[in-house]
Each structure stands twice: as C-alpha cells, then as structure tokens.
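A.B. asks: Protein chains in written order, with the working numbering: chain A, 1 to 378; chain B, 1 to 378.
If you're looking for bench data, these hints aren't it; they were derived computationally from the structure. Just so you know, these numbers come straight off a predicted model, no measurement behind them. Among these hints, one or two may not hold up.
[What the hints assert, rightly or not] Heads up, incomplete: computed chain B residues facing chain A, CB under 8 Å, no partners named:
| hint | residue |
| --- | --- |
| 1 | Tyr37 |
| 2 | Thr59 |
| 3 | Val108 |
| 4 | Asn366 |
| 5 | Val370 |
[As the list claims (entries may be wrong)] Taking lysine-lysine pairs in the BS3-like style, the calculated list, with each CA pair at most 30 Å apart, reads:
| hint | chain 1 | residue 1 | chain 2 | residue 2 |
| --- | --- | --- | --- | --- |
| 6 | A | Lys97 | A | Lys32 |
| 7 | B | Lys46 | A | Lys332 |
| 8 | B | Lys54 | B | Lys12 |
| 9 | A | Lys149 | A | Lys12 |
| 10 | A | Lys97 | B | Lys13 |
| 11 | A | Lys97 | B | Lys12 |
| 12 | B | Lys32 | A | Lys122 |
| 13 | A | Lys12 | B | Lys182 |
| 14 | A | Lys182 | A | Lys32 |
| 15 | A | Lys54 | B | Lys12 |
| 16 | B | Lys32 | A | Lys13 |
| 17 | A | Lys97 | B | Lys182 |
| 18 | A | Lys13 | B | Lys12 |
| 19 | A | Lys54 | B | Lys54 |
| 20 | B | Lys97 | A | Lys122 |
| 21 | B | Lys97 | B | Lys182 |
| 22 | A | Lys32 | B | Lys241 |
| 23 | A | Lys332 | A | Lys97 |
| 24 | B | Lys32 | A | Lys12 |
| 25 | B | Lys241 | B | Lys182 |
[Said to hold, decoys possible] Partner residues aside, some chain A positions facing chain B, computed with beta carbon under 7 Å:
| hint | residue |
| --- | --- |
| 26 | Leu6 |
| 27 | Gly16 |
| 28 | Tyr37 |
| 29 | Ala43 |
| 30 | Ile48 |
| 31 | Gly81 |
| 32 | Ser127 |
| 33 | Val244 |
| 34 | Ala357 |
Positions of the beta carbon are idealized from the N, C-alpha and C atoms, including for glycine.
Number of protein chains: 2
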Amino acid sequence: MNPNELAVELHKKYQGKITIALRDTDELDRAKLSAYYSPGVGAISKLIAEDHSKLSEYTWTNNLVAVISDGSAVLGLGNLGPEGAMPVMEGKALLFKHLANIDSVPIVLNVHTADEIVATVKAMALSFGAINLEDIAAPICFEVEERLKAELSIPIMHDDQHGTATVTLAGLINACKLTGRKLSECKIAIVGAGAAGVAVAKLLQEYADPQIIAVDSKGIIGHDRTDLNESKQLLLEFTNKDNVSGTLEDAVRDADVFIGVSSAGLLTQDMVRSMAKDPIIFALANPDPEITPEDAKAAGAAVIATGRSDFPNQVNNAIAFPGIFRGALDNKVNQITDKHKIAAAEAIASLVENVTADEIIPSVFNDQLVPTISNVIR
Amino acid sequence: MNPNELAVELHKKYQGKITIALRDTDELDRAKLSAYYSPGVGAISKLIAEDHSKLSEYTWTNNLVAVISDGSAVLGLGNLGPEGAMPVMEGKALLFKHLANIDSVPIVLNVHTADEIVATVKAMALSFGAINLEDIAAPICFEVEERLKAELSIPIMHDDQHGTATVTLAGLINACKLTGRKLSECKIAIVGAGAAGVAVAKLLQEYADPQIIAVDSKGIIGHDRTDLNESKQLLLEFTNKDNVSGTLEDAVRDADVFIGVSSAGLLTQDMVRSMAKDPIIFALANPDPEITPEDAKAAGAAVIATGRSDFPNQVNNAIAFPGIFRGALDNKVNQITDKHKIAAAEAIASLVENVTADEIIPSVFNDQLVPTISNVIR
Numbered sequence: 001m002n003p004n005e006l007a008v009e010l011h012k013k014y015q016g017k018i019t020i021a022l023r024d025t026d027e028l029d030r031a032k033l034s035a036y037y038s039p040g041v042g043a044i045s046k047l048i049a050e051d052h053s054k055l056s057e058y059t060w061t062n063n064l065v066a067v068i069s070d071g072s073a074v075l076g077l078g079n080l081g082p083e084g085a086m087p088v089m090e091g092k093a094l095l096f097k098h099l100a101n102i103d104s105v106p107i108v109l110n111v112h113t114a115d116e117i118v119a120t121v122k123a124m125a126l127s128f129g130a131i132n133l134e135d136i137a138a139p140i141c142f143e144v145e146e147r148l149k150a151e152l153s154i155p156i157m158h159d160d161q162h163g164t165a166t167v168t169l170a171g172l173i174n175a176c177k178l179t180g181r182k183l184s185e186c187k188i189a190i191v192g193a194g195a196a197g198v199a200v201a202k203l204l205q206e207y208a209d210p211q212i213i214a215v216d217s218k219g220i221i222g223h224d225r226t227d228l229n230e231s232k233q234l235l236l237e238f239t240n241k242d243n244v245s246g247t248l249e250d251a252v253r254d255a256d257v258f259i260g261v262s263s264a265g266l267l268t269q270d271m272v273r274s275m276a277k278d279p280i281i282f283a284l285a286n287p288d289p290e291i292t293p294e295d296a297k298a299a300g301a302a303v304i305a306t307g308r309s310d311f312p313n314q315v316n317n318a319i320a321f322p323g324i325f326r327g328a329l330d331n332k333v334n335q336i337t338d339k340h341k342i343a344a345a346e347a348i349a350s351l352v353e354n355v356t357a358d359e360i361i362p363s364v365f366n367d368q369l370v371p372t373i374s375n376v377i378r
Numbered sequence: 001m002n003p004n005e006l007a008v009e010l011h012k013k014y015q016g017k018i019t020i021a022l023r024d025t026d027e028l029d030r031a032k033l034s035a036y037y038s039p040g041v042g043a044i045s046k047l048i049a050e051d052h053s054k055l056s057e058y059t060w061t062n063n064l065v066a067v068i069s070d071g072s073a074v075l076g077l078g079n080l081g082p083e084g085a086m087p088v089m090e091g092k093a094l095l096f097k098h099l100a101n102i103d104s105v106p107i108v109l110n111v112h113t114a115d116e117i118v119a120t121v122k123a124m125a126l127s128f129g130a131i132n133l134e135d136i137a138a139p140i141c142f143e144v145e146e147r148l149k150a151e152l153s154i155p156i157m158h159d160d161q162h163g164t165a166t167v168t169l170a171g172l173i174n175a176c177k178l179t180g181r182k183l184s185e186c187k188i189a190i191v192g193a194g195a196a197g198v199a200v201a202k203l204l205q206e207y208a209d210p211q212i213i214a215v216d217s218k219g220i221i222g223h224d225r226t227d228l229n230e231s232k233q234l235l236l237e238f239t240n241k242d243n244v245s246g247t248l249e250d251a252v253r254d255a256d257v258f259i260g261v262s263s264a265g266l267l268t269q270d271m272v273r274s275m276a277k278d279p280i281i282f283a284l285a286n287p288d289p290e291i292t293p294e295d296a297k298a299a300g301a302a303v304i305a306t307g308r309s310d311f312p313n314q315v316n317n318a319i320a321f322p323g324i325f326r327g328a329l330d331n332k333v334n335q336i337t338d339k340h341k342i343a344a345a346e347a348i349a350s351l352v353e354n355v356t357a358d359e360i361i362p363s364v365f366n367d368q369l370v371p372t373i374s375n376v377i378r
C-alpha cells in the first residue's frame, strides 16, 4: 500500500491523529474533581495570578508546543489554506508526542498578513510553552517569526526554515568530512530562496562563512537584480561576494556543494559534471528531488541527500525539531538562536558513527537524537 | 484534606491536568509515519482543501472544543488575568474529557476588548469543532458571544451564561412541581445582573415569561435608573413590567423565587420571611451562597439550591455543558440556541425520578446526563 492509500485508510479509521488524555489516570472521585476544578482550582489560580512564573509549574504549558500555520505553503503542495493545513499540523503534533513526548496543539489561522498572524499568536501565546511556526509562505514567514521572537519570551521556531537548515548543516558537516573538505572553503550553490533556502544560507554563513551563491527561479541573486524582495536583498549582504550574474548552470559550475530546495528535476547530469570533483548534492525538493540519487551518482556525485525516506541520507526536519523543542522546554530556554541550531547540527552529525556516502545523516528513528540534541539546547 | 490543599498537592504532582495522546496506539512504523505525516498526509490535505466539509471527517476537530477565556472573571475570584485563568480552563478540559469524552484545548487570551477577542477567536476558529467561552466578564462577554455566533458557523456557548441558565431552569422546573406552582405565574427576583443573571432572566422569559425583577448592586433595575449598561437596559424589555423601583428588600417581598448570582450573605432570613409562602431559594453565589441552606430553611424556604457540592441541589454547570457540547458535536449542530438550552433543562429535570426538597437537580455524576442531554441537542 502506498503512503497516500495508507493515509486515507488510517485517517478514515481514526478520524484524526491525536486526542486529549488525563494526566491523573486514577479514579476521579468527587474530592478530586473539587480539587481539579472549582472550588479547589481557585487556589492554584490565585497562586499563578500572584506569581506568573508558577504558570508552567502548575499547568500543562510546561510541556506544550503550539503548531501554528496559516496554510499558505503546505508541504510541497503550496497554498492549501488553513483547512488543508490541519492534517499536516495534527501530524506534526503526532510526531512531537511520538518522538519527544511533547504535548502539542495544532492551530490553523484564517488570517494571512504578517500583522494579523502576529496579533493572533501574541494574543494566545500565554497558553503555550513554545511555538512551532509551520508552512507559512516566504517572505511573510520571516517577518512573522522575527516579530514574534522580539515580542514574546517563549521559544519560537519556524521549522520550515530552521529545522531544514539544522539538518542540512548536520549532513554537510559529515559530507565535508567524507570528501576531505573544509566547509569554510566550499563554494555552495543554494537553489530556491524561499523559507528553507534563506535559512540554510544564513546558518551556513554563521557556521563557516563559505562562498555561497543563491539562485531563485529568475537566476543568480545578484546586485543587478531589480526584482528582489527584502529577504533576498538581505541574502546579498553575505552571498555572491563576487557579484556574478547568470543562470542556475552558471551558479553550479565549479561548485563543491549543490543545495536544492526548489523543484523536481532542476539539476541535470551535465550540471553535476560541471561541478568540482566529488561534488556534494543535497536535492531536497519534495516530493521529488532536483535529481535522483541514481542520476547524480552516475554523473559523479560523491554524496547525495534528498528529502525522501526511500533513499539514503534523508534530510528530514523530524531529525531536529523534537530534540530542539525538548531541550528548549526542559532547559527553560527563552529564545532558539543560531548557536542552538549549530549545536543541534553538530550533535546530529556526531550520531553517525561511521560516515559513509550512504550514511551522513542519522535515521529519524535513532533513539539518541532527542536526548543528544536536547542536551545541547541550553 | 480540604479542596485547596488537595488542589496544590495534585497540581504539584502532575504539573497540569491534561496531556496529548495518539489515537492509534499500535506501533508506529516507518510506513505509518509516512502516512500520518509527509508524504502521505498530503493526500488528506488535498482532499480537505478541495472539500472543506472533510475537515471534521479526517481531523480531530470533529471531537474538539476550545475553552477560551481572557481571565477577566475567573470563578468567583474576579479578574485574575489569563495566567490565573489557565488552571481553570485546563480543569474544564479535564471535565470535558472525563464527563463526555470530548477533547478540548484551554486557550487563554492576553487581549481584553471585544474587538480583539472576536478577531483572535475568529482567526483560529477553524482549528476547533466548537467553542466554549468561559470566565469573560460582563458586559463584554455578551458582545463577544453574539458577534462570534453571527460570524462563525460552529457551536459557540459562553458557559457562565448559558450553562448556569440551563441548570437553573432545570432546577426551577422541579422546584415548581414540588411546590405546586406554574413557572409562568411566578414572581421571580434575580439578584446579580452580570453574565449569569442576564442569561437566567432571558432563558426564563423565553421558557415561561414569568414576572421577573432584576436587581444589581444599586437596587432594582428600572426605567428610573440612569446608570444602566446596554445589557441591563435590554433586561428592561421584559423584566420589571410594573416599573417599580427600590432595594433588594423591595424586590424580594412577595416573590415566589429568589435567584442569587451575586455575593455571600446578601439574603437575610427576614427577607425570606417576606416572600410568598413556600418560597424557592436559589442562592448561587460562589464560593459562599447569599444565604445558607440552614438559615433559609429555618426562615421557611421550601427548596434551597446553591452552587456548592457539599449541600443538596447543586447548580453546577458541569451538569449541562458536557451533554450540550456532546450533542452539538455528534449531531452537527451549528448554533446552540435557546431551544437547545430549554430542551437540555427539561432533559436534566426529567432525570430526577422522585423530586424532593433535597433533590430537584440530578448529581453531576449521574451517568444518564450526557446521553440524555446530547440526544435532545439537534
């Protein structure tokens, strides 16, 4: 049975993926109900009203993440709207619970401007211990995350950006080790300048300041371009330092690393052959990569990673986000910073004991991921 | 151990009352994860994006209530703010699950104007199957509920208003039966004109159009008053038809029924003695009633109900709201109307087999409540 058929079968059977359960699984007699609800709960309310730090001590917020989307960029499917986004957000809640024992609540928003999304999330943020923004389209996602991080004091992460960036960096650390490169000396072409592409570029720059050229659907992002939105303009502060212009082909020529977060089939075998010796290919477009692992290898790729679970080296956000949020909640971290993402990437890379071309990234099922990552989020 | 001490002990032990669990409790292998999340879940997203009616079929929203408060009127404790409200809302979620197997999520809002509350709730409403507004102060609660009901197509109920009104009506139906009265012929003094008082007055009027006099802290609500907010002015459309003015004493004199949703100790024995023969007293102030059952009986009350679980005849919202929301979700009701509340009140009243002065209202533990009420919410 293919994943789509199984998805329909399971969603029909269970009519949803998560449910509420009670922490106290013993019998609830009248005395307990009077303690969990009125009148006893009033004592807890008064304690918290007097000392807000007790909110996380006495309520489920200590282990609670809101998974929030406006449905404007759902998986690789585009703008499906909040209704279409809901099963994905509920799926994320399933992963949070299953992989890191984190409670989470899927919230889909029927508003789509940065102002409205920020106002809505701020209004309800006290209800949660952390916020996972998900599947919000670029460039609005950048402003939303930045403003929420500035205005709220709980951990906030847009996973499409930073989960992808963290796992990509982890994979690159091991791919460089395998091919005898220093990441700081690599020439890297990043193709796709949406949420993931921008975040990957920023994190690589912060980590090793390599030579990066970013490419969007119109070609190389350079100073000659007059059609760049703000987030792409900001990329120019640290990418394309030689200010070249041109096409995807031009960007890829002589590059050590190709990172695609764009569309299926964009990278040809000829382009791979034009890259530096033993090139590293991260073809992360979903559901179909920019080049298949077979074609990439046949054209000389030393390492190929994709977003798919049916090929080796899956760059899967679920490798990073459960441990990052587990650590943020457990260690009472108020902001998830680049330092945390880099520490998480190094922790992930360290979990591959014998790095080979077919194993630069640990499996999402590696049970050391969450404890190892959460331990470095401090 | 008193409820407050037990509350502290239990909240310390469990650090919250609810948690997330997975509907599918079998092992989650790689194939299932690919169906519950990417890539398989994309098929479900596309189905829902094409046909929004499938949202409730394939996601947990079909059994999900948001419990939403801004913390402006928490229990009988007043404006404790959203932080202070959280343990109460989480307690309500515990009751929803325990009493009616309904999933619910406590959401506290850090905004307090009607415009902001309405905007926030509307923005996230698609995430839920129904909305329970809770502990929002009058008069803002009236505008918030009215606007949300007009603008959203899922069931919405402010429980402080309508839960209280429904259970009060149920109790009055049986109290009238016991004392040989027709509710339509009763003179009723309602003391307290906040959320609960206004809703009780409206529902009694809708059900039987009795003679109602409403009283607030300044005295009888009449046309001579120049200090009335909009909701109190609206009460004058059907209460105090003889346009009397005066004090609480004046309102209570010769009344058949006293309904207090005000403050402890407000009703004296002399006032009870001034009422009609065999008076009915609903002294619902929390945590301490307007008069104790002992004092009321000694002064001649035929029936006394309070809000407390340690006296007979507890008017407890938890008698009504689980069944009302269970029915609304199961029977795909889009609006909870007066007709539903009246049907629920009659269903509740019918569950007391032998009506006596000490049993006009069924226990919250009566396991027929939820099935009987939910069956009439259609």
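A.B. asks: Mind listing which of the numbered hints don't hold for this structure, in increasing order?
C.D. replies: 4, 5, 7, 8, 9, 12, 13, 14, 17, 18, 19, 21, 22, 33, 34
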